[in-house]
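Colleague: So you can see what is in the structure, the chains are spelled out below.
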Amino acid sequence: MLTMFLNTKIDFMTKRRLFYVVSAIVILVGIASFALHGGLRLGIDFAGGRLIEYRLSERVSIDELREVATAAGYPQAEIQPVRGTSDVLFRIPDVEVGEQATGDVSISQQLRAALQTHRPGLTAELLREESVGAKIGREIRGQAFWAIVISLGLILLYIAFRFEFRFGLGAVAALAHDVLVTLTIFSLFNLEISMPVVAALLTIAGYSINDTIVVFDRIREQSVRLRRETYFNVLNISINQTLSRTVITAITTLFAAGALLIFGGEVIRTFALAMTIGILVGTYSSIFIASALVLELRRAGEAKAA
Amino acid sequence: MGGNFRWKLLSLVVLLGLSVYALYPSARYYLMSEGDRQALPEESLETLRENALNLGLDLQGGMHLVLELDRTGLRDSEVPDAMARAIEILRNRVDKFGVAEPTIQPQGEDRIVVELPGLLDRERAVNLIGQTALLEFKLVKSEQESRRVIERLDRELAERRLAGADSADSADLEFTHPLTDLMPFWPELPFGAGFVLESDYEEARDLLASVPLDSILPVDAEIQWGRDVEAYQGYTGRLVYVLDRRAQLDGSHIANAVRRIGLDPTRPNTSGVSLTLNPQGARRFRRVTAQNVGRYLAITLDDRVVSAPSIRERIPSGRASITGAFSDDEAKDLAIVLQAGALPAPINIIQEMTVGPSLGADSIRMGTQAIAIGAILILIFMVIYYRASGLIALLALVLNMVFLLAALAGMRATLTLPGIAGMALTVGMAVDANVLIFERIREELRTGKKVRSAIDAGYGRAFRTILDANVTTLISSGVLWWIASGPIQGFATTLFIGILANLYTAVLITRMVFDAATGGGETESLSI
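If you're matching them up, the sequences are chains A and B in order.
Numbers given in the working numbering equal positions in the first sequence, counted from 1, plus 115.
Numbers given in the working numbering equal positions in the second sequence, counted from 1, plus 9.
Keep in mind the hints are simulated off the structure, nothing from the lab.
Backbone N, C-alpha and C define an ideal beta-carbon position, used for all residues, glycine too.
Incorrect hints may appear among the rest.
Partial list, derived from the structure: chain B residues whose beta carbon lies under 7 Å from chain A [said to hold, decoys possible]: (1) 50; (2) 113; (3) 368; (4) 375; (5) 378; (6) 386; (7) 389; (8) 437; (9) 441; (10) 444; (11) 478; (12) 484; (13) 488; (14) 489; (15) 497; (16) 500.
Quick list of simulated restraints, FRET-style, between CB atoms [unchecked claim]: (17) A/197 x B/199: 45 to 53 Å; (18) A/144 x B/27: 36 to 44 Å; (19) B/27 x A/188: 37 to 45 Å; (20) B/245 x A/197: 51 to 59 Å.
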């Protein structure tokens, strides 16, 4: 049998302060980045605006495209060429969405006209166009918020019900940690937060909890079996025993998310990136953070009782 | 092997059978060659499509719109009625547009969701749907009257402009003509209206928008701009009309509207719309034309003058035509819109998602590619690490996918790009259940248990964990499904069903295979 992590005896619990510090640093970096960038970069589903993607018959430089956008009357447009193709994304935030099509030319028509003037003979095929009014953007933001809050709440209830409340808190805290770290990375690289990213975050929540549950389950089983051991040791042993499973599942899920990231195409790229980061962070937190928190909570509980 | 095994096998066969049945239409529909497609009668093709897997707009290309009814002119009690009428009218318009399977649904109190799959011309669709299509026939004021009104406006604008300046006397007022300065032919009114050069159009428009016209104009008059650019004596520009506020006829008097070519003798190859009025409308039209020979009659659409022919004689026929700078498509769409009727209130597009067909096809290709690559990598890993048992995991995975697709087809759910991503993730997460079981079995074997009891213990122990773990993902995808809409909802659906299918295949089916492989005698070792 090919095995990894057979009979490992890594002392996770003693080194836990180190992991707290690492996580704390990352989150602090996130907060700094958040402040620096003036908040998270919101995609148009949350902030409202318009997104237009064209497939051009040949590659055009960003500078030229900026001239085109300005000529069309949208100097504030964000321009993003898609790597490896001649596709271009125009993002126009805060534009009045709500066409009452009577004689007023639409934005995509204006862009196209400007493109034509600048580079006659260039064809631009409309790949997709999305526009979200400010009102709907607010609604979607609300939806995302509630989705996250309700999910976390239900998960907490479920774990508290199946294990004990302490475990529930530990799990949800680890989850919150995962979400914060993922958002930190998004903030650092100024990546856009859109509804698919929120969906990814929720999926990561489910996945990370899976991991955490597997460890908790083992802890529960071993608490009964190894009654003579200290809680400290039980936790260590449980994590070591589940290590191979945790890592293997992380590997297989990473294969899937990674394949999506590399081969899935531009539309789904941000989502796949969020998933990949989330899986890595979730695995980290399940191994190094969740049980450590349970230990702290238990000790705090014992201290209060004393 | 006991009775238990037989039941499991039976359930598997039944489910497989159902799945094939559910998926057969999809397979046929999407894998049919073009030639076969033509050969099939219309109806069978329709039913085949209906039973096949639904592809979301982001995969087949098309347009998704969320419209909001502008309730500012309506009372709250009038809204439901207006909504129903608006939906009816939109349905008529879209029907004629020729989109297969459009969807028009109300959402909440004042929103309408429109989906047009396979739509290629976004601009046309937006125009067709967004137009209020208020058609009115209004008399143009006589030249004398028009001139008086324009002068009045001019004076008002001059007073406002000079009010800002420091020193002003009546002499300045005499020479300031903000509006008529922009009219090169003033006091001549080409076609009965003021002519503004195209380059001055924006300025003139802004000027007129800057004053409260209602309090300046006579009670029975109003100002409207022409819809198109006009040419006059070598110049291009826009016309601004002074009209009778009261409409003589409107869209409700139209019985029929059809696109015709050659209605305008000065534009012989251009399309226009030929209107046939209903009896009441025809009567009115006869009267109006009889009483106003020599005047212009403006035909306005959504408060813009499309054309203003002069009334040369009484028209008894109840026929009228709308001509102007129309492209063939514009005329056709206008006829559709007039026929279907004017919307009871303006409609705003508050959200839109349009995906062109090539991106749709790209997305399908890349999505399935990603799934395939991910699956292959996982498979290789599983076989290397768990040897023959890895193949059992593969079997479970394949069945998982089949059941998932079949469930989606059976539920008429929609497959979207995030849905395909969800399938990829299901692949990754599904294997987890197998990993849990295999690791347990290995542990049991290491403690010296015999193969059979190791398998039993492995499954027994692992089951609880698998259940707990998957329930939480079910919770989060359930919440997501409930709250989100569109493509993301598709993702949640796929994930949810994928996990349910996974619970079945990973636990029951693999157990079956282990039992079958080790049943009967005492197997010595397990390839795991």
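Colleague: So, for every hint listed, does it hold in this structure?
Modeller: Structure-based check of all given hints:
no. : hint                      : result
1   : 50                        : violated, 34 Å
2   : 113                       : violated, 17 Å
3   : 368                       : holds, 4 Å
4   : 375                       : holds, 4 Å
5   : 378                       : holds, 5 Å
6   : 386                       : holds, 4 Å
7   : 389                       : violated, 9 Å
8   : 437                       : holds, 3 Å
9   : 441                       : holds, 4 Å
10  : 444                       : holds, 5 Å
11  : 478                       : holds, 4 Å
12  : 484                       : holds, 5 Å
13  : 488                       : holds, 5 Å
14  : 489                       : holds, 5 Å
15  : 497                       : holds, 5 Å
16  : 500                       : holds, 6 Å
17  : A/197 x B/199: 45 to 53 Å : holds, 50 Å
18  : A/144 x B/27: 36 to 44 Å  : violated, 52 Å
19  : B/27 x A/188: 37 to 45 Å  : violated, 57 Å
20  : B/245 x A/197: 51 to 59 Å : violated, 40 Å
Consistency with the previously given hints fails for numbers 1, 2, 7, 18, 19, 20, ordered from lowest to highest.
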